[in-house]
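Keeping their order, the protein sequence lines are chains X and R. The numbering of the first sequence is our numbering, which starts it at 1 and goes up by one. The numbering of the second sequence is our numbering, which starts it at 258 and goes up by one.
Keep in mind that the hints were calculated from the coordinates and are not lab data. A quick note: this is a predicted structure, and the numbers were derived from the prediction, not measured.
Some chain X residues close to chain R (C-beta under 7 Å, calculated; not the full set):
#1 33
#2 64
#3 65
#4 80
#5 114
#6 115
#7 159
#8 239
#9 247
Output of the computed footprint for chain X on chain R, the stretches with three or more beta carbons under 8 Å from beta carbons of chain X:
#10 592-605
#11 635-642
#12 808-822
Even for Gly, the Cβ is constructed at its ideal location relative to N, Cα and C.
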Amino acid sequence: MNRRRFLQILAAAGAASAASALPSGAFAFDRQHRITIARLDYPGGNSDPRPGALRRLLQEVDKRTSIEVNTNIATVSGRRDEIFEYPFLFMAGDGRFEPFDDDVIRDLRTYLLAGGFLFIDSADGVREGPFLESAERELARIFPDRDLVTLPRDHTVHETFYLIDRPLGRVDVAGNLRGIAEDDRMAVLVNSNDLLGALARDTFGNWEFDVIPGGDRQREMAFRLAINVVMYALTVNYKADQVHIPFILERRRWRVD
Amino acid sequence: MFAFGDYDTTDLLWLGDWSTSWIALLVLIGLAVLAYSAFDLRNVARYRRWTLIGLRGLVYGLAVVLLLEPAIDMRDTSKIPNHVAVVVDQSMTMDLKVDGDGTTRMDRARQAITQLRSLQEDAGEDHHFDFFTYGEELAPASPASFAELEPRATAADLTGALEQVQEHYEGKDLGGVILISDGIDTGSIGLRKARGEEMDEFSRQFLESLNAPVHTLAAAGEEGLRDLAISRVLHDDFAFVHNSITVDVELQAIGMEATSVPVTLRRDGRVLQTRNIHVHPDETSYEVTFEFVPEQIGKEVYTVQVPKYEGEALYENNEHHFVLPVIRDRIRVLQVVGRPSWDQRFLRRLLKRNPNVELISFFILRTDQNPQIVPQSEMSLIPFPTDKLFDTELGSFDLVVFQNFNFRPYRMGHYLRNIDDFVREGGAFAMVGGDLSFASGEYARTPIEDLLPVQLPSSRARSEIMDSEDFRPQLTDAGDRHPITQLAFDPQRNREIWEELPPLRGTNVVAGAAEEATVLAEHPTIRGNRGEPMPVIAVAERGEGRVMAVTSDSTWRWGFEHVGEGGTPREYQNFWNSAIRWLIQDPELKLVRLDTKYDIIAPDAPLDATVSVYTPDYSPAVGAEGELRIEHTPLDAVAGGTERGAAHYDTVEFSTDHSGQWDLDRRFSEPGIYEFEVEVESRAGTLTDDNLVLVAPDVSQYRDIVPRNRLLEIIAEVTDGHHALLPDFDADDLQFKPPRHVEIHNRQIVQLWDNIFLFLVILTLLGVEWSLRRRWGRL
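Excised from the complex, chain R in its bound form (with noise of 0.2 Å):
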């Protein structure tokens, strides 16, 4: 048995599975018998009538209800308290002082979190309080942790935090949320956002989103504040060198008196440019463009400075480090040639097409053999400028291409030493086949024969140094992996797109590779001086610089007719625009390069670099020895305040693993440029590559650290919760949602349809209608 004391919860249940329109259309057939009846009773006195019309309404009724197997049922429950989460900002801004008597925003929201205990004990059975800290992400914490909780955190993503709490308690009952915060957010809502502005629509429905009130506590006002900050660097991820660079500096200052203030860009400790700026107590946000041209080739240190002012909040946010990597400007490549081809001309437009090339094309249209019928101004013709090309502007190239070129006619022999020098002090030159190249272009003994990596045969027949047989070039094992030939990463199916070119027609013949020449790819048939294979695609380091030799002139085939096999020009752009890379020694390309993953890193924060060392056929260099010198330049002195410079800081020695590698393990603690040259010895020569790393704290939290009270009002506003600066707070203006779910812990169903007494009520019913009628006369 059950007693009604022990269920506080009572509710009517209608256990029938009926829906909605058989419940409609049994009232229905129940009004239409009413009425059916109503007009057969229509001769019958009317308070007969209605007494049988009652009484059959009532059966009717009474067998509905029966239908539908009403119900009682009965709970014993109890609440289930939903959640409060508090959640903490711990960023480092939250450790900045708020007043005279050294109190921090954090000590403001310590204090709070006290006053929410009584908050927290009043909850009852309604609310749990869950507490959170973030900075850079959310993270669960005690009410006793807050006693000692130093904010450390470098960013202080509030939207993100407010998205962990709303994934947290996905599927739970969220109550409300408390924020304490002094309003920084590096998150999105804080930047989309700004200043005075509106909340946007995006960010209004996320908070909306969140379905619980948010409560927010600001620790801290403007007011008193301080502080002279550059909150913002922008520039671009690296420049090119000798092209100016911007670099749009934002400054804040609050609670400064006008004055003017120097914004001074230094590069490695010295200054670049200063400009002036005039604060106005008014006015807090300020900006200044420095323009200048990156002179060299690598990374460079820049500090953007103001000076400290007395009173400030704090310091750290009144200077900026940033690497700006600087780089190879557009590659500036000479193609000069003998005479029009087609070989010349699929060469020439897959440079034009490559937007990192500054094409210079000389070719020689008309020769002294071709007779001179038209006077010169009809021409389009143009004097072949070789004193400018060789001499005063070879410099300013990258790369010299002789394709199909002879140079005596030119008078040229006195500019090849020009050539030579040029490649030995770091340029780059590729001869390409032809009836005018090699030995056919009379090269043989002159400094270009020196600087090729082939060997030029003695003869002149033109039957000795030239073949015209069609040919497929075989690669070499350093061919399978160096990156001019290395169309695919896979060695086999490399020889097999190699496999599936159109053949080559014809090639120049050489004696043979020359010295520390590597060859790439041989003629099958034709043998060199030594009985080896004939070199087709050799190169060579001459120098500081690089050479090429192509002996044919037909591999425009490969970007052409190959299509015309149903293949691609990829593999004709990809050799070529390789073999530019490679000569002008793209970094990516050298034989031993040092990376850093990172430009900047924090004290003590792990260096992720690596030393990889290739053989010049770039397979890996395993067990390859070298030596990593590490200079460190402090901190101060880059930003000006010493005169110190770059001290040596370590040595260390090395040895590559199996894949050509090693990797550099350090923490560096003290602040301020690290710079490493390794060294490797190898059969291509000492091998040398350098970076640097600069090593500085991350203060990007104290670039903007005035408190942002107005967002954390609106967020408040947004969700229906309350804002309140602290200290002054109390924590009954804190409303939660009640708790949605509640835990029964005991239930009784009691029907009420099945039960003999209703239909004895219905029989008695129907029994009293049927002696009516009968003794008001109506069968």
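Extracted from the complex, chain X is given alone in its bound form (with noise of 0.2 Å):
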């Protein structure tokens, strides 16, 4: 055991202490209105490529946003017994992963079907890696009859909370979003530039990853999709509503200028 895995452990058995200092109620209550994100587990791959990164994502949404959030992240197998706790999964990954078992599929699909959400994150660093390869497999097994379209610049995700051009992560290798689309909403979204990467940070508060190309600029913008993505979760077309458009169009044509 090394000086900085000493110091993880130690870190996070301050977390849990912490944790356990609050009253049970103070748990319990979160569970009533707090939104958290749960983490999709599952075989054969490494469902956490990014650890720690979730709840960093969670508490930058909690700092920014109105949004009251539980940075206790779940970890759930496409089980409905367990996904159906939380409208929000996770899958991230960074390498191939084995065929999910019929029955997780077909949880999965009749999730995505009632409202759930799926945000599919790479952590390949590339456009078309080993995990999108898997993942997208697995989509075409959930939803056969649907296609993985691309989001255009100007889909809501992009304007739920921040405005964004580009949706930037540790990489830069997709030029935009993927998805595929559940009534007025966009049901998984399929991120390839690895957006928990950008956000990951060791025990002493340092990047984990730098970002390419790089800048601060790209680290802040992978932040505010994260945002973005959380509030699109939970507000859907929200921002498509008649009363926001002349805002976000004026503020739009401003930045061109």
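From the two separate chains plus the hints, produce the assembled complex.
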């Protein structure tokens, strides 16, 4: 065990003891109204390539928006008895993984059609890596009748909180998010730019990965995308309401000029 | 013994049960035997050979005849007359005059029926004449009854009459049909075949399927007819208030000189719009379109009119009344949310997917506690337009929903009074739970608390105003029946459904139900200030409006988690959709309702109306006493002929029966608008409802009075019948199919094969053949 690993364990133990020190009702109360994200675990691959980054994401959501979050990230298999507790599933990975069981495929389809939301984030750092190949294979099983479509730049997910032109993450290998539509919303969003990689910090608060091509602006834009995605999961097409359109158009025009 | 003279019909029968293939086989065998004989006798002299072959062929032939068992069928018969149906139009247009001396179309029909007598007498045993009349439907009649027949039917379903004739004679022998009419068909052929068009294939096939000639006698032609008629008024079944609606009017002018005709649309007697059409003698059909905007919800009586010109065949078709129910436009809902949450997301999704809802959402996405590190220009946030929403535009909404929203950070205190006024004047308000709602939203001692159906605790300690435990709401007796919580009609099943729903995750704590509130669901363990179970879902009437409180922010789990448990989202959808309907006072959910089955009835027709009264929890109000006031506006006032307005007609006191209903059994002889206002005193206050019915003569048959001689002519053509325009008619021109059936009085079958003579002939022939063969040296 090196010094870095020892400190990580120490920090984790500290966090756990702090949590246990809170009154039991506080956690229950969190459960009542705070927003959390569940990480989708799957066999035969690395389902948590950026440990702690999801918690960082939620902390940032808590800091910048009115959304109240619960930063305790649950890990769930794709089974219905777990996933329906969490309307937002986050699936990450950095390599190939095994096909899901048929039951999981069926449950995920039911979940997404009922209103669940799945965000898929590739840590491969390439546009078409092995993780995305596997993820797309599973998406084709979940929705054999639907295509994964490229989201246009004016899609609501780019306007839910921040005005975003490009979905930047740790890397910038794909200019657009992709998604699978269900009714009036995207039930699945797929990102190739390693969003969590840009958000991950080590125990001391240092960035775990450099962003490529680089710059604070890129990392900031990754945070904005992350917040927009959470906001999209919660508000869907709210920013497409007529009342918002003049403001958004005006600001986009102002920025272009 | 029998004598041939006793029988008038003789037929040869073959009693042997031999199939054609067997007979063919016997013939082939016979030919083979004869061919072999010819071969065998090839060396014999020709005449001998053919003599022997002839004898053998004769024997074989007779043997075959023997096998076929021939017989003679002799019958003494007489014909059974087939049926000729005489079908006479008795619709109202048959009462119209055809010439100056006052002869009507029906008079001409009567005259034709008289002429048919000779035909009847000559028909002898070939045809039997059956008489019918038709209007709405076919009815049997006697020749004598036509003398007194009054043409009063309000329809002329010629097609239906022919269909019923076909049905009536199914399995019987129909020799022909004599149709006496002016050709106006309100049935399917008349509708399908517009004037001047050829008969469509479907109608043609039907007429051919009658398999009998249809002789058509037209009671009148178009010549000399003068009339201006509103033939059809096309409009939607209902209209949305403040939304334009189009009314298309079709007019028919015949025998009119060139002139400009004003077409007027009146609403409740007052002129709404006027359009002019230019009538030309060569043109009979005209169209006019009115477009207008209904201003208020309820039923409105409209009248389309054209002037009455001298010499018209009748004036009843110069105006047309119709009743247009005007209903609420899309429900405008304002959803104000303190922070994004799953509860908000699922409710917004439900509202957005409801085509009857126009949703305006405002979510607080950032508060003062969130640091602003990004320029405003790079964010999509917009200002919260409190003044516009809660002052200038508030009245445009039907329902305001505060979902986990605390008003105080937005300095909205002075707007809360507006919301109170908005509800008391007929609006609706709902508060949904969360850590920014109810007492946590600091609504205690504000006008909103007066509005809510729950009382708020005075404490601000978070542990006392929020509870985090999971729970299943328990339905109250009112909840069993109330439309919001009645997810199944059967109370037992309803409770089972509620038990099957996922538990709610925590609740805002309230002190109890407010005055005059109805609690629909309670918390299973938490008690209010008075010790009663704490309300979780409660509703109340406030002034003219309605309010609702749901103390939890996790009802969304009924629509999501429930699916994961194998259920459906329907319960969640039904709950909120019903809540919205109740809050906006959907007429279907009023506590007192006066329903009439029809908007327009004929004079002296029964009025089918029912008053239904419910208690606030929607159980039937048994024995509820009330008063029904009836006002009458004469039809000439509706049509603008007089200035007379509505006058009191009657007042009826009533008491509801065991099902909370009272049936109004009335008939009104005088045409006009009858407006009803029902008033019932209940513990929810004075309940009222109103409705109206238009009493007007049914003159639909007068909408198109132009005789359709050509239609009758085509019907005759298609069925190989004869067509005549009355009074020019010769009964001898009508030919019918001969009877198909006969009656057998006596019958005798004589079997020819069962006869010793035939056997002797065969034996003799065989003997001769044997003898000749021996003599000519053949064995």
